[in-house]
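Residue numbers (my numbering), protein chains in the order written: chain A, 1 to 266; chain B, 1001 to 1280; chain C, 2001 to 2287.
Calculated directly from the structure, the hints in this document are not laboratory data.
Careful: at least some of the hints might be erroneous.
Said to hold, decoys possible - So the derived label-pair ranges between C-beta atoms look like this:
#1 A:TRP265 - C:TYR2012: 23 to 33 Å
#2 C:GLU2125 - B:ASN1082: 49 to 59 Å
#3 C:TYR2012 - B:GLU1139: 18 to 28 Å
#4 A:GLY199 - B:GLU1139: 48 to 58 Å
#5 C:SER2141 - B:GLY1009: 28 to 38 Å
Unchecked claim - In silico DMTMM-like pairs for lysine to aspartate or glutamate, Cα to Cα no more than 20 Å straight-line:
#6 C:LYS2255 - B:ASP1270
#7 A:LYS179 - C:GLU2098
#8 A:LYS237 - B:GLU1136
#9 B:LYS1239 - C:GLU2128
#10 B:LYS1237 - C:GLU2118
#11 B:LYS1239 - C:ASP2185
#12 C:LYS2103 - C:GLU2118
#13 C:LYS2077 - A:ASP187
#14 C:LYS2083 - C:ASP2120
#15 C:LYS2258 - B:GLU1271
All values derive from a computational prediction rather than experimental measurement.
Beta carbons are placed, not taken as given, at the ideal position from N, Cα and C, and that holds for glycine.
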Amino acid sequence: MLKDITIGQHYPTGSAIHKMDPRIKIIITFLYIISLFVVNNFIGYIYVVAFLLAAILISKVPLSYILKGLKPLMILIGITFMINIFMTAGEVIFRLGPFTITEEGLYQAFFMALRLVFLVMGTSLLTLTTSPIALTDGIEHILNPFKRIGVPAHELAMMMTIALRFIPTLLEETDKIMKAQIARGADFESGNLISRAKGLVPLLVPLFISSFRRADELAMAMEARCYRGGENRTRMKELKTHGKDYFALSIGTLLVAVLIVNRIWL
Amino acid sequence: MEKMIKVQGVTFLYESNDQGDLVKALKDINIDVKKGEFVTIIGHNGSGKSTLAKHINALLKPSEGDVWVKGMNTKDDEETWNIRQTAGMVFQNPDNQIVATIVEEDVAFGPENLGVPSAEIRVRVEEALKTVGMLEFREKGPHLLSGGQKQRIAIAGVIAMKPDCIVLDEPTAMLDPSGRKDVIDTIQKLNREENITVVNITHFMEEAVVSDRVIVMEDGDIVLEGTPREVFSQVGKLKTLGLDVPQVTDLAFELRKEGIELPEDILTVDEMVMQLCQLK
Amino acid sequence: MSIKIENLTYIYNPKSPFETKALDGINLEINDGEFIGLIGHTGSGKSTLIQHLNGLIKPTSGKITVGDLVITGEKVKLADLRKKVGLVFQYPEHQLFEETVYKDIAFGPKNLNLSESEIDERVRESMELVKLDFDTLKDRSPFELSGGQRRRVAIAGVLAMKPDILILDEPTAGLDPRGRDEILDQIKFLHQKYENTVILVSHSMEDIAKLVDRIIVMHGGKIELHGVPREVFKQSKRLESIGLGIPQITYLMEKLKKVDTNIAEEVLTVDEAKIEILRWIRSNKDA
Chain A
1 MLKDITIGQH YPTGSAIHKM DPRIKIIITF LYIISLFVVN NFIGYIYVVA FLLAAILISK
61 VPLSYILKGL KPLMILIGIT FMINIFMTAG EVIFRLGPFT ITEEGLYQAF FMALRLVFLV
121 MGTSLLTLTT SPIALTDGIE HILNPFKRIG VPAHELAMMM TIALRFIPTL LEETDKIMKA
181 QIARGADFES GNLISRAKGL VPLLVPLFIS SFRRADELAM AMEARCYRGG ENRTRMKELK
241 THGKDYFALS IGTLLVAVLI VNRIWL
Chain B
1001 MEKMIKVQGV TFLYESNDQG DLVKALKDIN IDVKKGEFVT IIGHNGSGKS TLAKHINALL
1061 KPSEGDVWVK GMNTKDDEET WNIRQTAGMV FQNPDNQIVA TIVEEDVAFG PENLGVPSAE
1121 IRVRVEEALK TVGMLEFREK GPHLLSGGQK QRIAIAGVIA MKPDCIVLDE PTAMLDPSGR
1181 KDVIDTIQKL NREENITVVN ITHFMEEAVV SDRVIVMEDG DIVLEGTPRE VFSQVGKLKT
1241 LGLDVPQVTD LAFELRKEGI ELPEDILTVD EMVMQLCQLK
Chain C
2001 MSIKIENLTY IYNPKSPFET KALDGINLEI NDGEFIGLIG HTGSGKSTLI QHLNGLIKPT
2061 SGKITVGDLV ITGEKVKLAD LRKKVGLVFQ YPEHQLFEET VYKDIAFGPK NLNLSESEID
2121 ERVRESMELV KLDFDTLKDR SPFELSGGQR RRVAIAGVLA MKPDILILDE PTAGLDPRGR
2181 DEILDQIKFL HQKYENTVIL VSHSMEDIAK LVDRIIVMHG GKIELHGVPR EVFKQSKRLE
2241 SIGLGIPQIT YLMEKLKKVD TNIAEEVLTV DEAKIEILRW IRSNKDA
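With these hints in hand, go ahead and build the complete structure from the sequences.
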């Protein structure tokens, strides 16, 4: 099931959306999320769906792949659905013992679930069409203006990049350490929650220690390559916005505007 | 400017434990490295060779004495970044040097830190990757590479900064034989074709054999120095120090003990074959 | 304890775009008490093979018998298997985690549910085997020790489980010549004392040449060559074609043989070369 998690994965297709400026994509995703909270009726949802499906189509990422990413969240969506269906007050349409289902509850549950589904799909699309570096760059640029109020934009971006870079390496190391301890008779599978937590010590201690050592060595290597923070640093890949980006941005803004109007007037 | 690197009377002390006991990792070391030279420093773990390497690019400062790189003193904090650009360094662990999620981004890291304009960084990255033979991997994730390939990326990352000299601190210690060969071939190419001064720290004598000069360290001192032939012919001394010599050199030593007349400085199989045939 | 491997195949990531055949129809028999050297470069399948022997990996197809136990069978208790087969990974010092050397070495025996007194005996014994002084070091934190010492603590941790079969994956990786010689001497001593089956994985021809009874050469998931060292090293061209070499000294003797066929080329060490060359020189003088 770990393989089915699509949030955070990158799915390169070279589409127009992939090539967009990451800053604009992040802002549009933001606008999209806002629109999900603004929408409150059926017609509104049609606009949202149209926007989402259009984006998915242009991105050339298979719809089935994005839907696959919903699998791990089915439980959450199911729980939300249940809570809303049974807990909402209103006109009762069905009764089963202590449980009542109201018409309002039905609508609430349905739209809540739909909102969650679209939220996950939309944010997945962001990470599927934007490489981790581009995302980090985008976030760094967006946070830059906030440096004046003390937001360490460059340092945050650097941390994210290094974390992303080391994820596969650390996973490999975890695997190695686990195998070495299993070879000495360690058991990571059986027992209750407490004994299993204790059993993780032979895995976590070596992992932590090696991570500290890594950090030390990496810091030295970075200094040896003249790293001294974000001041006066240039970038090989500079972000450039094009006409297309602004066009997409305007569509995103239009979506929110339409939905606000829709909510007020209907 | 004659000397690329000048180590003069360097002593280095550090605290080895909580009681404040001081250990002399380097004892009054004097070394000169000329521009374009390929110097190897060998010695076993604890001999001080890594400590010495870190003095060259100001990661460590001497307790006594001075280190000059292209005329700049490492004690001068204003010059630190210039020194590090002049003397690049490659470390032992291939993974713990790579910062970015794709190869070309990592090679760009150094030039980015130097404030090199964007377009020029691209050019440098491409050249550097070509030089180390890794251009086709430019968009790959570093975790997919072998140890030897990762080290070549690390080297590319350093040469993209256009240094005059590269210091390598046991770059092949964690690699398999084919990785080791790739790295040492790359280092030799950089020295011969780009005229980059090389200081290679290692305990593999097959790497020492291809350099211009070998310096042997033991317990913070320099105990032997000279061309590879001069150093490796001292088989007895090297063995006492716990270091390897090429098997043929060892064999020549043993045969001489038995009265067979062979020159002291045989380093390769072909030389040995020739010498043995001449005995007949 | 013997090992029998029949038609072992292992495929990574089956049915995915990353599918790779790491092991391809391996057939191998290792006799009780043999000292085997397993050579091959990265990607040859040697690490995958050894991880099958203590049950860390299950084969895609094939049969493995360790001693009397068919470990690829249905209801095999892997815990029991791991009592018999001890595996020391590369850079084993990275697995140390306990507060003291004693506790870390005792981890294995503890997992075997041995009594306190037996655990104590085993820790003492294994520390002595790796030449670490029990009294000075038992209460020290393993993280205070030098790299070479930490490696020996890790190896002691596996030895303390008293495995009938000991597998070591490149135990000399990252060590300097002196450290390497010490560890190899200790392994040799162990093998002679306990007469257990030992499998040593390495890339260094020189190291393996003087230690092992038999060499197995792997390439592309298959066994390329196997036999006693002298026989294997005769195949220098074949070894070179798969990216492996032979000890420099063996290469020398091969070249000399081309000059004068009166020379024996099956030489593995400098000492043997010396003796053979002296014999050759003196026989030429007499001629």
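Results of checking the hints against the structure:
Here the CB-CB span from A:TRP265 to C:TYR2012 is close to 59 Å, at odds with the stated 23 to 33 Å. The hint said 49 to 59 Å for the Cβ distance between C:GLU2125 and B:ASN1082, and at roughly 57 Å that hint holds. In this structure the hint that C:TYR2012 and B:GLU1139 lie 18 to 28 Å apart at CB holds, the actual value being about 24 Å. Taking 48 to 58 Å as the suggested C-beta distance range, the pair A:GLY199 and B:GLU1139 does not conform, at roughly 41 Å.
In this structure, C:SER2141 and B:GLY1009 meet the distance hint of 28 to 38 Å, their C-beta atoms being roughly 37 Å apart. Annotation: proposed proximity of C:LYS2255 to B:ASP1270 holds, straight-line Cα distance about 8 Å (limit 20 Å). A distance of roughly 17 Å separates the Cα atoms of A:LYS179 and C:GLU2098; the hinted pair therefore holds under the 20 Å criterion. For a cut-off of 20 Å, the pair hint linking A:LYS237 to B:GLU1136 stands: about 19 Å separates their Cα positions.
The suggested pairing of B:LYS1239 with C:GLU2128 is violated, with an alpha-carbon distance near 26 Å, which exceeds 20 Å. A distance of roughly 46 Å separates the Cα atoms of B:LYS1237 and C:GLU2118; the hinted pair therefore is violated under the 20 Å criterion. Of the supplied pair hints, the one linking B:LYS1239 and C:ASP2185 holds, its CA atoms being roughly 16 Å apart against a limit of 20 Å. Using a Cα cut-off of 20 Å, the hinted pair C:LYS2103 and C:GLU2118 holds, with the two alpha carbons roughly 14 Å apart.
About 13 Å separates the Cα atoms of C:LYS2077 and A:ASP187, which keeps this hinted pair within 20 Å; it holds. A hinted pair counts as satisfied when its Cα atoms are at most 20 Å apart, and C:LYS2083 with C:ASP2120 qualifies at roughly 17 Å. With a CA separation close to 15 Å, the supplied pair C:LYS2258 and B:GLU1271 stays within the 20 Å bound.
Comparing the model with each numbered hint stated earlier shows that hints 1, 4, 9, 10 do not hold.
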